[in-house]
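Engineer: Sequence:
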Amino acid sequence: MARAAGSRGRPGRCGLRGRCGRCGRGALLACAAWTAGWVLAAALLLRAHPGVLSERCTDEKSRRILAALCRDYRGGALVGDLCEDLCVAGKLLYRRCLYFERGKKVLQADWRGQPVVLKSEEEAFSSFPPLGLLDGQPDDGGQDFPEAELLLLAAGEVRSALGLELANGSLAPLGLGRRGPRRRGQLASLWALLQQEEFVLLSLLRGLSPHTPPVLGSCGHFYAVEHLAAGSPHHWALFPLDGAPRGDRSRARAVSGMALSFLDMVAHFDHDFSHRLHLCDIKPENFAIRSDFTAVAIDVDMAFFEPKMREILEQNCTGDEDCNFFDCFSKCDLRVHRCGAQRANSNLQLGLKVPSHSHQRVLWPSGHPVSAGDHCHRHQPLGHL
Numbered sequence: 001m002a003r004a005a006g007s008r009g010r011p012g013r014c015g016l017r018g019r020c021g022r023c024g025r026g027a028l029l030a031c032a033a034w035t036a037g038w039v040l041a042a043a044l045l046l047r048a049h050p051g052v053l054s055e056r057c058t059d060e061k062s063r064r065i066l067a068a069l070c071r072d073y074r075g076g077a078l079v080g081d082l083c084e085d086l087c088v089a090g091k092l093l094y095r096r097c098l099y100f101e102r103g104k105k106v107l108q109a110d111w112r113g114q115p116v117v118l119k120s121e122e123e124a125f126s127s128f129p130p131l132g133l134l135d136g137q138p139d140d141g142g143q144d145f146p147e148a149e150l151l152l153l154a155a156g157e158v159r160s161a162l163g164l165e166l167a168n169g170s171l172a173p174l175g176l177g178r179r180g181p182r183r184r185g186q187l188a189s190l191w192a193l194l195q196q197e198e199f200v201l202l203s204l205l206r207g208l209s210p211h212t213p214p215v216l217g218s219c220g221h222f223y224a225v226e227h228l229a230a231g232s233p234h235h236w237a238l239f240p241l242d243g244a245p246r247g248d249r250s251r252a253r254a255v256s257g258m259a260l261s262f263l264d265m266v267a268h269f270d271h272d273f274s275h276r277l278h279l280c281d282i283k284p285e286n287f288a289i290r291s292d293f294t295a296v297a298i299d300v301d302m303a304f305f306e307p308k309m310r311e312i313l314e315q316n317c318t319g320d321e322d323c324n325f326f327d328c329f330s331k332c333d334l335r336v337h338r339c340g341a342q343r344a345n346s347n348l349q350l351g352l353k354v355p356s357h358s359h360q361r362v363l364w365p366s367g368h369p370v371s372a373g374d375h376c377h378r379h380q381p382l383g384h385l
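Counting from 1, one number per residue, gives the positions in the sequence shown under full-length UniProt numbering.
Certain hints may be false.
[Said to hold, decoys possible] The calculated lysine to aspartate or glutamate pairs, modelled on DMTMM-like cross-linking and capped at a C-alpha distance of 20 Å, are:
#1 K91 / D299
#2 K61 / E157
#3 K61 / E101
#4 K91 / E122
#5 K91 / E121
#6 K104 / D299
#7 K331 / D292
#8 K104 / E60
#9 K104 / E55
#10 K283 / D85
#11 K331 / E311
#12 K308 / E123
#13 K104 / D281
#14 K104 / E84
#15 K283 / D301
#16 K308 / E285
#17 K308 / D292
#18 K61 / E123
#19 K308 / D264
#20 K331 / D320
#21 K91 / D81
#22 K61 / E122
#23 K104 / E306
#24 K104 / E197
#25 K331 / E306
#26 K61 / D110
#27 K104 / E122
#28 K91 / E101
#29 K331 / D301
#30 K104 / E285
#31 K308 / E197
#32 K104 / E226
#33 K331 / E314
#34 K91 / D59
[Unchecked claim] Pairwise CB distance ranges (calculated):
#35 E60 / R102: 32 to 40 Å
#36 R56 / G76: 26 to 34 Å
#37 G113 / G319: 51 to 59 Å
#38 K283 / V336: 15 to 23 Å
#39 G319 / L93: 19 to 27 Å
#40 G113 / E149: 39 to 47 Å
These are calculated hints, taken from the structure and not from any lab test. All C-beta atoms, glycine included, are put in the ideal place defined by N, C-alpha and C.
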């Protein structure tokens, strides 16, 4: 396009004031090319750094969000096992805003002396689609809501979010059987939580995986998980080693332990469930290390079981670049112009990317690199997922 503009335009006849309007078709083409270039640059910037348009994360905004949550709680619109501590007893205390990104709100708080993270994909409870079957019911209604119908709806949400067909017994971690005096608010809150894929995944993995944070409770559309210090490329070992013994050899053992735990996590996600769990957003900030050096995936918004992964990848394409979904990709079959449903890279390949963010290799105390193949072994299945 730039070449065509250059051949048609007449250099020397256009000043700055006439760039886009007074120099004929050539200048218009040049203007269009210039504009398209900026649009392309902006698109590439947003793809590489999606947080550039994120809402500013402030204490004032965070406190307003929690105040609105408590107003809805006192008005009976929502409930949750953490609402009383947050809104009445003062045992769940806001500390700071961690980040706002693409609508998601992530806050740090203290719950009865334990640091936790409060999460929601939306700011306001009203932003979630309501449970239609509650329409027309009184404020104290919902007590006679058919349990079988609720299970059917929940199973549909799990199928939509995770691509899994689960038996009713496997839905127990979602808290469907809980009943209370504010049943309408309880069902509305549960429905808002079921719209959030990360909540569904973490709830179903509770007790089945040491490598994901368990859901500790909820209030309305916000749910709480344990707080762990996220990784950062600014740490020399990617993750804080405050609890590690001092000394070079002790630090080296700690780093080796973390590396082995990452490999164990990869093997766990690959083999310990009935479907492989794919990680599609690999960066230090999405992981943490517990005090016993267990690797934990603390942000699983881009984690998908095999059926959902295949559904995401199998799209129309004109080239391999159309088959990329964050860090997961497949190949374009040019005969049918369709992306392959089979992922072309693996969790292990991506897991080994994490140490590279700090431009270093994780070494054993003896100086030999950690071998991924030595530690990735098949585990016994942990559950029905």
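Engineer: If a hint holds in the structure, say so; if it doesn't, say that too.
Structural biologist: Structure-based check of all given hints:
1. In summary, the hint linking K91 to D299 is not supported, as the alpha carbons are separated by about 25 Å, beyond the 20 Å threshold.
2. Annotation: proposed proximity of K61 to E157 is violated, straight-line Cα distance about 30 Å (limit 20 Å).
3. With a C-alpha separation of about 14 Å, the suggested pair K61 and E101 falls inside the 20 Å cut-off, and the hint holds.
4. Of the supplied pair hints, the one linking K91 and E122 is violated, its CA atoms being roughly 24 Å apart against a limit of 20 Å.
5. Pair hint K91 plus E121 does not hold up; C-alpha atoms about 24 Å apart against a cutoff of 20 Å.
6. Simply put, K104 and D299 have alpha-carbon atoms about 12 Å apart, close enough for the 20 Å limit, and the pair holds.
7. Taking the CA atoms of K331 and D292, the gap is near 39 Å; set against the 20 Å cutoff, the hint is violated.
8. Between the alpha carbons of K104 and E60 the distance comes to roughly 16 Å, so the proposed pair stays at or under 20 Å and holds.
9. At most 20 Å may separate the alpha-carbon atoms for a hinted pair to count; K104 and E55 meet this at roughly 10 Å.
10. For the proposed pair K283 and D85, the alpha carbon gap of about 34 Å is over 20 Å, so the pair is violated.
11. At roughly 14 Å between alpha-carbon atoms, K331 and E311 fall within 20 Å of each other, so this suggested pair holds.
12. For the given pair, K308 sits about 26 Å from E123 by alpha-carbon distance, which is inconsistent with the 20 Å threshold.
13. With a CA separation close to 16 Å, the supplied pair K104 and D281 stays within the 20 Å bound.
14. About 23 Å separates the Cα atoms of K104 and E84, which puts this hinted pair outside 20 Å; it is violated.
15. Using a Cα cut-off of 20 Å, the hinted pair K283 and D301 holds, with the two alpha carbons roughly 13 Å apart.
16. Between K308 and E285, the direct Cα distance comes to roughly 24 Å. Violation of the 20 Å bound is thereby established for this hinted pair.
17. Proximity of K308 to D292 is assessed by CA-CA distance (about 32 Å); at most 20 Å being required, the pair is judged violated.
18. Among the hinted pairs, K61 with E123 is consistent with the structure: their alpha-carbon atoms are about 10 Å apart, no more than 20 Å.
19. About 23 Å separates the Cα atoms of K308 and D264, which puts this hinted pair outside 20 Å; it is violated.
20. As the CA atoms of K331 and D320 are separated by approximately 5 Å, the hinted pair is consistent with the 20 Å bound.
21. Pair hint K91 plus D81 holds up; C-alpha atoms about 12 Å apart against a cutoff of 20 Å.
22. Between K61 and E122 the CA atoms are separated by roughly 13 Å; this keeps the pair inside 20 Å, and the hint holds.
23. Among the hinted pairs, K104 with E306 is inconsistent with the structure: their alpha-carbon atoms are about 25 Å apart, more than 20 Å.
24. Between K104 and E197 the alpha-carbon distance is near 12 Å, which keeps this suggested pair within the 20 Å criterion.
25. For a cut-off of 20 Å, the pair hint linking K331 to E306 stands: about 17 Å separates their Cα positions.
26. Proposed proximity of K61 and D110 is supported: the alpha carbons are some 18 Å apart, at most 20 Å.
27. Of the pairs offered as hints, the one joining K104 and E122 holds, with about 6 Å between alpha carbons and a cut-off of 20 Å not exceeded.
28. The hinted pair formed by K91 and E101 fails the criterion: a straight-line CA distance of about 27 Å is larger than 20 Å.
29. A C-alpha spacing of about 23 Å is found between K331 and D301, which places the hinted pair above 20 Å, so the restraint is violated.
30. A hinted pair counts as satisfied when its Cα atoms are at most 20 Å apart, and K104 with E285 qualifies at roughly 15 Å.
31. Taking the CA atoms of K308 and E197, the gap is about 12 Å. The hint holds against a cut of 20 Å.
32. For the proposed pair K104 and E226, the alpha carbon gap of about 17 Å is at most 20 Å, so the pair holds.
33. Our distance criterion of 20 Å between C-alpha atoms is met by K331 and E314, whose separation comes to about 10 Å.
34. The hinted pair formed by K91 and D59 meets the criterion: a straight-line CA distance of about 19 Å does not exceed 20 Å.
35. With their beta carbons about 21 Å apart, E60 and R102 fall outside the hinted range of 32 to 40 Å.
36. Roughly 32 Å separates the CB atoms of R56 and G76, a value that falls within the hinted 26 to 34 Å.
37. For G113 paired with G319, a C-beta distance near 54 Å keeps the hint of 51 to 59 Å intact.
38. Our hint of 15 to 23 Å for K283 and V336 is violated, since their Cβ atoms are close to 33 Å apart.
39. Checked against the hint of 19 to 27 Å, the pair G319 and L93 fails, with Cβ atoms roughly 52 Å apart.
40. For the hinted restraint 39 to 47 Å between G113 and E149, the CB-CB distance of approximately 40 Å keeps it satisfied.
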